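Listed here are the chains, written in short residue letters.
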Amino acid sequence: MQPLLDVSNLTVKFALRDTALTAVNDVSFTLGRGERLGLVGESGAGKSVTGFSILNLVSKPGFIAGGSVLFEGKDLTRASAETLRDIRGNRISMIFQDPMMTLNPVLTVGTQMIETILAHKKVTRKEAEAIALDKLRKVYIPSPERRLTQYPHEFSGGMRQRIVIAIALLTSPSLIIADEPTTALDVTIQAEIMDLLLELCQSEDMGLILITHDLGVVSQVTQKIAVMYAGGIVEMGDTGMVVGEPLHPYTRGLLGALPQCADKADCGLADVAAPRARRRLNQIPGSMPSLSDVPRGCPFNNRCELCETVCTTTRPLLEVKSDGRLAACHMVA
Amino acid sequence: MAGLFSLPTNENPNLETTPVGDADMTNQNTALLSLRNVVKHFDISGGLLDQLRFSGGRIVRKHTVVHAVNDVSFDILPGETLSVVGESGCGKSTLARTVIGLYRATGGEILYRGERIDNLNDNGMLPYRTRMQMVFQDPYASLNPRMKVREILEEPVRFHNPGISDADVRSRVADVMEQVGVNPLWGVRYPHEFSGGQRQRISIARALVVDPEFIVADEPISALDVSIQAQVLNLMMDMQEKRNLTYLFISHDLSVVEHISTRVAVMYLGSLCELASAADLFGTPRHPYTQALLSAIPRIGGKAAGHIKLSGDVPTPINLPPGCVFHGRCPHANARCMQEVPKARQLEGGALVACHGVEEGRI
Amino acid sequence: MAGLLKRFRQSYFLYSFLRDPVAVTSFALFVILAASALLAPVIAPHNPFDGANIDIMDAETPPLWKDGGNPEFLLGTDNQGRDLFSAILYGMRVSLLIGVGAVAMQACIGIMVGLLSGYGSRRLDNILMRIADVQLSFSSYMVAIFLGAIVQMTFGVGRYEQVAVPFLVLVIGLAEWPQYARTVRASVLAEKKKEYVEAARVIGLRPFRIMWRHILPNTLTPVLVISTVQVANAIMSEAALSFLGLGMPVTKPSLGSLIKSGFQYFFSGSWWITLFPGVVLILLVLSINLLGDWLRDFLNPKLYKD
Ligand SMILES: Nc1ncnc2c1ncn2[C@@H]1O[C@H](COP(=O)(O)OP(=O)(O)OP(=O)(O)O)[C@@H](O)[C@H]1O
Ligand SMILES: Nc1ncnc2c1ncn2[C@@H]1O[C@H](COP(=O)(O)OP(=O)(O)OP(=O)(O)O)[C@@H](O)[C@H]1O
Ligand code: SF4
Ligand code: SF4
Ligand SMILES: [Mg+2]
Ligand SMILES: [Mg+2]
Numbered sequence: 001m002q003p004l005l006d007v008s009n010l011t012v013k014f015a016l017r018d019t020a021l022t023a024v025n026d027v028s029f030t031l032g033r034g035e036r037l038g039l040v041g042e043s044g045a046g047k048s049v050t051g052f053s054i055l056n057l058v059s060k061p062g063f064i065a066g067g068s069v070l071f072e073g074k075d076l077t078r079a080s081a082e083t084l085r086d087i088r089g090n091r092i093s094m095i096f097q098d099p100m101m102t103l104n105p106v107l108t109v110g111t112q113m114i115e116t117i118l119a120h121k122k123v124t125r126k127e128a129e130a131i132a133l134d135k136l137r138k139v140y141i142p143s144p145e146r147r148l149t150q151y152p153h154e155f156s157g158g159m160r161q162r163i164v165i166a167i168a169l170l171t172s173p174s175l176i177i178a179d180e181p182t183t184a185l186d187v188t189i190q191a192e193i194m195d196l197l198l199e200l201c202q203s204e205d206m207g208l209i210l211i212t213h214d215l216g217v218v219s220q221v222t223q224k225i226a227v228m229y230a231g232g233i234v235e236m237g238d239t240g241m242v243v244g245e246p247l248h249p250y251t252r253g254l255l256g257a258l259p260q261c262a263d264k265a266d267c268g269l270a271d272v273a274a275p276r277a278r279r280r281l282n283q284i285p286g287s288m289p290s291l292s293d294v295p296r297g298c299p300f301n302n303r304c305e306l307c308e309t310v311c312t313t314t315r316p317l318l319e320v321k322s323d324g325r326l327a328a329c330h331m332v333a
Numbered sequence: 001m002a003g004l005f006s007l008p009t010n011e012n013p014n015l016e017t018t019p020v021g022d023a024d025m026t027n028q029n030t031a032l033l034s035l036r037n038v039v040k041h042f043d044i045s046g047g048l049l050d051q052l053r054f055s056g057g058r059i060v061r062k063h064t065v066v067h068a069v070n071d072v073s074f075d076i077l078p079g080e081t082l083s084v085v086g087e088s089g090c091g092k093s094t095l096a097r098t099v100i101g102l103y104r105a106t107g108g109e110i111l112y113r114g115e116r117i118d119n120l121n122d123n124g125m126l127p128y129r130t131r132m133q134m135v136f137q138d139p140y141a142s143l144n145p146r147m148k149v150r151e152i153l154e155e156p157v158r159f160h161n162p163g164i165s166d167a168d169v170r171s172r173v174a175d176v177m178e179q180v181g182v183n184p185l186w187g188v189r190y191p192h193e194f195s196g197g198q199r200q201r202i203s204i205a206r207a208l209v210v211d212p213e214f215i216v217a218d219e220p221i222s223a224l225d226v227s228i229q230a231q232v233l234n235l236m237m238d239m240q241e242k243r244n245l246t247y248l249f250i251s252h253d254l255s256v257v258e259h260i261s262t263r264v265a266v267m268y269l270g271s272l273c274e275l276a277s278a279a280d281l282f283g284t285p286r287h288p289y290t291q292a293l294l295s296a297i298p299r300i301g302g303k304a305a306g307h308i309k310l311s312g313d314v315p316t317p318i319n320l321p322p323g324c325v326f327h328g329r330c331p332h333a334n335a336r337c338m339q340e341v342p343k344a345r346q347l348e349g350g351a352l353v354a355c356h357g358v359e360e361g362r363i
Numbered sequence: 001m002a003g004l005l006k007r008f009r010q011s012y013f014l015y016s017f018l019r020d021p022v023a024v025t026s027f028a029l030f031v032i033l034a035a036s037a038l039l040a041p042v043i044a045p046h047n048p049f050d051g052a053n054i055d056i057m058d059a060e061t062p063p064l065w066k067d068g069g070n071p072e073f074l075l076g077t078d079n080q081g082r083d084l085f086s087a088i089l090y091g092m093r094v095s096l097l098i099g100v101g102a103v104a105m106q107a108c109i110g111i112m113v114g115l116l117s118g119y120g121s122r123r124l125d126n127i128l129m130r131i132a133d134v135q136l137s138f139s140s141y142m143v144a145i146f147l148g149a150i151v152q153m154t155f156g157v158g159r160y161e162q163v164a165v166p167f168l169v170l171v172i173g174l175a176e177w178p179q180y181a182r183t184v185r186a187s188v189l190a191e192k193k194k195e196y197v198e199a200a201r202v203i204g205l206r207p208f209r210i211m212w213r214h215i216l217p218n219t220l221t222p223v224l225v226i227s228t229v230q231v232a233n234a235i236m237s238e239a240a241l242s243f244l245g246l247g248m249p250v251t252k253p254s255l256g257s258l259i260k261s262g263f264q265y266f267f268s269g270s271w272w273i274t275l276f277p278g279v280v281l282i283l284l285v286l287s288i289n290l291l292g293d294w295l296r297d298f299l300n301p302k303l304y305k306d
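Residue numbers (the numbering used here), protein chains in the order written: chain A, 1 to 333; chain B, 1 to 363; chain C, 1 to 306.
Be aware that one or more of the hints could be misleading.
Claimed, not checked - Taking CB as the label site, the calculated pair distances span:
hint, chain 1, residue 1, chain 2, residue 2, range
1, B, 148, C, 189, 23 to 33 Å
2, A, 20, C, 13, 15 to 25 Å
3, B, 335, A, 32, 36 to 46 Å
4, A, 104, B, 186, 42 to 52 Å
5, B, 148, C, 24, 44 to 54 Å
As the list claims (entries may be wrong) - Only part of the chain B face toward chain A is listed, based on derived beta-carbon distances under 8 Å:
hint, residue
6, 229
7, 230
8, 293
Keep in mind the hints are simulated off the structure, nothing from the lab.
Everything numeric in this text was worked out from a predicted model, so none of it was measured.
By construction, the Cβ of each residue, glycine as well, lies at the ideal position given by its N, Cα and C atoms.
Make the full structure from the sequences, and use the hints.
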């Protein structure tokens with residue numbers, strides 16, 4: 001069966017003053033209908049740009065330099081403006097970290113929701129209002145009739161994000177791209193929003209691409225994880241396997257750096273060199289290179305303990321390893 | 001002239017200070033720092049014209065006050081890491097800034113090794129400046145962009161040691177830079193030439209050059225990536241060991257707090273809910289809010305939807321609810337909770353909990 | 001030094017400057033004008049202030065390319081027979097001197113007041129800002145008329161010529177400092193919330209040191225931007241005051257007083273006496289303003305579209 005989304009060899013560059021910077025480097029993944037994928041990585045790893053380029057929304061100095069994004073069989077990198085308009089916000093919805101990127105502060109929530117429906121569906125105002133109310137109930141907004149007439153600033157941060165999710169649901173999309181939807185929220189509210197997203201994806205059979213840097217959050221919500229580093233995917237596979245027994249040295253380092261794992265030793269990292277003192281965390285030395293000077297060969301080679309000569313000369317490709325998982329590393333069998 | 005430059009304070013002389021409550025249990029002499037019923041309010045009414053309201057046919061002057069920290073008491077013991085957790089806006093930063101003297105407390109007392117420091121002026125505070133230092137959240141805003149790293153680090157040394165020779169200043173700064181893992185040769189660079197993690201190291205170095213014994217760290221790792229967070233946390237723990245530092249550590253990342261703290265204080269809407277040793281608090285949380293908070297931590301490999309759902313929204317600290325500040329969202333609230341403010345009480349085992357339910361044995 | 005030069009050559013500043021033809025053109029124009037003003041004694045074919053050199057017989061000679069033009073007087077002469085080209089060069093010198101001087105004065109007062117107002121207590125802020133409001137509500141012309149009367153009374157009309165330059169610097173400087181004070185205050189208010197200022201306070205530094213060493217250097221970017229605009233404004237103000245007879249005397253002309261002195265001959269056919277100083281004035285002010293605009297855009301990348 002045809003997957004919902006098939007991204008292959010996607011490359012996005014930004015034209016800078018004298019060079020081009022590769023923000024997304026040869027990224028490929030597929031997403032089945034109703035499947036949930038987590039895209040994790042550090043700041044600047046290229047997660048957001050990947051999310052935007054799926055919708056062909058990379059802004060100015062940036063451009064899609066290669067690869068394709070097949071959504072329900074259509075290649076969005078080559079689609080006409082009209083096709084894209086029909087797909088954005090209709091078949092694929094996006095949720096951002098800051099709810100105010102989606103909400104217009106001077107219009108009531110009701111107006112914004114109804115306009116969105118009317119733009120994509122041939123329904124009357126009455127029907128549109130009914131749909132809006134229905135979606136507000138789905139995201140557990142109390143007394144939705146009254147809330148429809150309120151402005152975004154009258155809601156708390158968590159409520160606003162729920163409204164944004166309701167707006168994303170309006171057109172019953174088959175894919176939601178959520179870019180750090182809970183980073184600005186408190187843990188208790190984050191837990192609620194994540195519950196809600198998970199529940200909705202399951203009940204509506206929606207696909208989800210969850211972009212975040214929080215491994216805890218993705219591990220609870222998604223079925224697959226792709227770990228990004230310096231613009232490329234370094235490891236991808238079943239969520240339980242990736243967080244349970246990470247293959248790639250970067251993923252292992254990242255998980256080892258989490259206090260949760262240092263305390264509990266239940267993250268399958270028993271073979272990672274034991275921390276010196278009990279309380280010390282496992283740290284990866286150095287920091288991610290800026291995308292304008294990624295080292296030759298493996299982009300992780302200047303921080304990697306296992307680095308060998310081949311790592312400094314040849315870039316490892318994302319390939320299937322012994323247990324069926326994908327990793328980009330020369331040293332992993 | 002000094003008067004014109006004093007910090008804008010929101011001193012409220014009429015504020016009642018309640019007598020030291022049950023919270024006062026630790027021996028005064030052993031505490032490094034003691035907070036006694038500390039209150040901090042911000043008057044946000046603006047100018048005179050903004051304060052005037054028309055009500056009941058008359059124009060009245062009305063103050064809008066943010067009750068950021070309300071009646072918080074606890075002790076910080078030498079050598080420990082005391083963490084403060086709680087959701088955004090619950091007053092963690094305000095508490096930290098009041099302790100370090102950036103804000104003047106509206107009420108209550110702060111004692112450093114038994115001496116009151118909350119009512120000192122700039123000069124009186126000076127000796128404490130080398131004993132207490134602060135590390136900030138934002139690695140981009142906390143270093144002056146127009147000063148070279150060496151200037152940033154040398155300034156406190158020169159200021160607190162007038163007459164010190166240039167060579168001494170240099171070697172002292174170079175020492176500390178070495179310790180925090182920043183090459184002393186990079187001292188000639190400007191902050192923007194460093195990554196976030198390196199800047200946070202420089203920030204820590206700035207706190208350490210005056211050789212303090214107590215450091216307030218307000219979310220020192222929140223702005224950093226996971227792999228960098230581990231580096232900075234390790235550095236902080238190493239420094240604590242090497243220099244026998246005491247930390248007041250503020251964070252909203254509960255798994256980090258669990259890892260590095262000796263004791264943990266949980267705040268909600270400006271009030272202290274629970275204070276216990278880290279193992280105790282994370283093992284057997286007693287306060288309903290602590291329970292809800294801890295259940296929401298996204299555990300790796302854990303399942304979603306296992307957390308305690310709270311109803312309602314966080315009230316604003318401008319209009320505090322009467323009684324227990326948590327009663328609107330607490331699953332165990334009863335009539336008493338809506339009227340009477342719960343006092344922090346010590347349980348067997350040393351945990352402090354401010355909750356009627358726990359006191360009555362219902363929870 | 002060589003390293004600094006190299007860094008400058010590779011800097012983004014130079015790069016984006018060179019990519020903007022308007023900025024390059026206006027910079028070139030400004031450099032030519034300013035250099036010829038500064039080097040007036042070297043370049044100018046005549047010394048317009050040397051009475052021995054001036055022949056009233058040459059008065060109102062038209063420019064070179066007109067009938068009756070004299071190759072000795074490139075742009076013609078004024079009503080007293082002074083070489084207009086030389087007079088413009090010397091006049092531009094006076095205009096620039098007053099413009100830069102006045103702005104230096106505005107900046108000194110304004111930065112001081114802005115710092116105190118932004119970093120001091122709320123009461124001090126209120127007092128200083130009300131004073132600034134009062135100052136702004138007087139136009140520079142009122143200040144000039146008022147002070148002019150006093151100065152001319154104390155020094156006598158005869159010696160006014162000698163004190164005219166410092167007097168105009170004072171008048172224009174006093175009239176416009178609130179612009180600086182407001183700009184500086186606004187950025188002090190923004191800077192003072194930043195954590196590096198709190199860090200300085202935790203170290204225990206005194207307020208004055210924090211203001212000078214930490215806050216002031218971080219507020220200089222907007223100061224630089226308004227300074228260019230203010231120099232242009234000050235030159236314009238000076239020209240206007242001189243045109244109204246409140247500025248430089250005709251014996252020691254600025255561009256403004258040159259325009260004024262020729263104005264009465266404008267319709268009697270000797271249009272060049274007014275036109276050429278006018279054109280130079282416009283070019284000078286325009287080039288400074290365009291440079292200022294570019295600088296503002298460069299330092300404030302948020303304004304860039306796309
Ligand atoms: N408009 C732009 N112009 C130039 N470079 C850009 C632009 N947008 C993104 N980039 C580059 O692309 C890289 C990836 O950015 P991206 O926003 O995808 O990171 P991210 O993984 O989402 O990080 P974060 O966690 O901080 O959101 C960045 O390092 C940045 O250098
Ligand atoms: N300078 C100030 N003036 C007025 N109100 C303030 C000021 N600083 C803080 N507040 C208010 O006091 C309350 C507590 O704020 P505080 O910054 O201490 O919260 P916090 O717990 O540190 O939150 P966060 O996790 O978001 O940093 C908030 O409601 C805030 O709006
Ligand atoms: S390819 Fe080499 S350098 Fe890269 S992660 Fe694997 S072992 Fe490390
Ligand atoms: S005092 Fe009452 S409302 Fe407050 S936490 Fe305890 S049980 Fe809940
Ligand atoms: Mg992003
Ligand atoms: Mg805070």
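Against the structure, the hints:
no., hint, in the structure
1, B/148 - C/189: 23 to 33 Å, "26 Å, holds"
2, A/20 - C/13: 15 to 25 Å, "22 Å, holds"
3, B/335 - A/32: 36 to 46 Å, "53 Å, violated"
4, A/104 - B/186: 42 to 52 Å, "46 Å, holds"
5, B/148 - C/24: 44 to 54 Å, "32 Å, violated"
6, 229, "7 Å, holds"
7, 230, "4 Å, holds"
8, 293, "6 Å, holds"
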